[in-house]
Amino acid sequence: MVTGFVLAAGQGKRFSRQSDRGKCFFRAGDKLLIEHSINSLLLAGVDRIIIGVRSDDLKFAAELAYKYQRLDFVTSSTKGTAGCLLDMCEHISGHTVVVYGDTVYLDSVSDFITAVSLVKSGSAVIGVKQTNNLKNYMAVIQERSQIQVFIKPHNFRKGLAYVGLFGFCDNTIVHRLRELRPSKRGELEMTDLIKLYSQLNIINLARYNGEFIDCNTPEKLTFIPNFITKFND
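For the sequence shown, the UniProt record's numbering assigns the number 1 to the initial residue and increments by one for each residue that follows.
Derived by calculation from the structure, the hints in this document are not laboratory data.
It is possible that part of the hints are untrue.
[Claimed, not checked] Here are the simulated BS3-like cross-link-like pairs (lysine-lysine), alpha carbons at most 25 Å apart as the crow flies:
id : residue 1 : residue 2
1  : K31       : K220
2  : K158      : K220
3  : K184      : K135
4  : K120      : K195
5  : K158      : K129
6  : K195      : K152
7  : K135      : K195
8  : K195      : K158
9  : K135      : K158
10 : K79       : K152
11 : K79       : K195
12 : K31       : K67
13 : K184      : K152
14 : K59       : K31
15 : K59       : K79
16 : K135      : K152
17 : K220      : K129
18 : K195      : K129
19 : K152      : K220
20 : K129      : K152
21 : K220      : K135
22 : K195      : K184
23 : K184      : K79
Go ahead and model the full structure; you've got the sequences and the hints to work with.
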């Protein structure tokens with residue numbers, strides 16, 4: 001059994017100028033942005049999906065519950081992406097895959113879920129992709145058995161980028177989440193969680209070779225329909 005977690009409790013400063021709804025609940029084509037993440041998990045065969053949302057977005061989340069089966073919602077008040085996952089920790093057990101509610105994957109994530117199902121107890125898996133534009137991503141450098149991560153590096157451009165897929169196999173993740181300290185922004189960050197796993201040398205890499213879009217600006221919402229159409233053609 002694999003459970004999917006969707007991190008959707010962020011509003012996004014650039015999105016808040018247009019509406020009081022969280023950015024994951026803006027429309028992206030013929031559906032809400034978060035529905036792309038939900039569909040990716042369902043098509044990959046997850047058994048259940050837990051979504052972390054702001055209390056202000058519960059009314060939009062309730063509409064999704066009528067449309068999709070196997071969805072549960074948790075109100076998250078802790079700042080940051082890892083904070084959102086921490087607020088959902090009572091639902092964590094067994095194999096789990098975490099995605100961001102503002103990331104669109106145009107290829108199946110089923111291979112990543114398979115990789116998570118094979119991970120050893122206590123370890124984590126992150127999805128990576130080869131790119132020529134690392135300055136816009138978290139870079140993942142693997143040297144022998146050591147894995148290091150760097151946020152938007154400027155000293156190298158080509159390499160493996162983190163694509164927003166994170167997985168683990170048991171609830172030891174809860175202890176790791178509770179070890180985190182707020183970043184300079186006052187948030188618990190998933191990037192810091194990944195750094196913690198890499199420092200402990202209990203992290204594995206799984207390749208995702210498909211296309212994906214990180215919708216971190218309102219402009220990208222209008223780009224998604226054309227991107228999906230071009231990919232399908």
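Hint-by-hint comparison with the structure:
1. K31 <-> K220: Holds, at about 14 Å.
2. K158 <-> K220: holds, 23 Å
3. K184 <-> K135: holds, 20 Å
4. K120 <-> K195: Within the cut-off at roughly 18 Å; holds.
5. K158 <-> K129: holds, 11 Å
6. K195 <-> K152: holds, 14 Å
7. K135 <-> K195: holds, 18 Å
8. K195 <-> K158: holds, 20 Å
9. K135 <-> K158: holds, 9 Å
10. K79 <-> K152: With Cα atoms ~21 Å apart, K79 and K152 stay inside 25 Å; holds.
11. K79 <-> K195: holds, 18 Å
12. K31 <-> K67: With a Cα-Cα distance of about 11 Å, the restraint between K31 and K67 holds, given a limit of 25 Å.
13. K184 <-> K152: Holds - the C-alpha atoms of K152 and K184 are around 16 Å apart, at most 25 Å.
14. K59 <-> K31: holds, 16 Å
15. K59 <-> K79: Holds, at about 20 Å.
16. K135 <-> K152: holds, 4 Å
17. K220 <-> K129: Holds - the C-alpha atoms of K129 and K220 are around 20 Å apart, at most 25 Å.
18. K195 <-> K129: holds, 18 Å
19. K152 <-> K220: Between K152 and K220 the Cα gap is close to 19 Å, so the pair holds against 25 Å.
20. K129 <-> K152: holds, 15 Å
21. K220 <-> K135: The hint holds at about 18 Å.
22. K195 <-> K184: Roughly 16 Å between the alpha carbons, so the hint for K195 and K184 holds.
23. K184 <-> K79: holds, 12 Å
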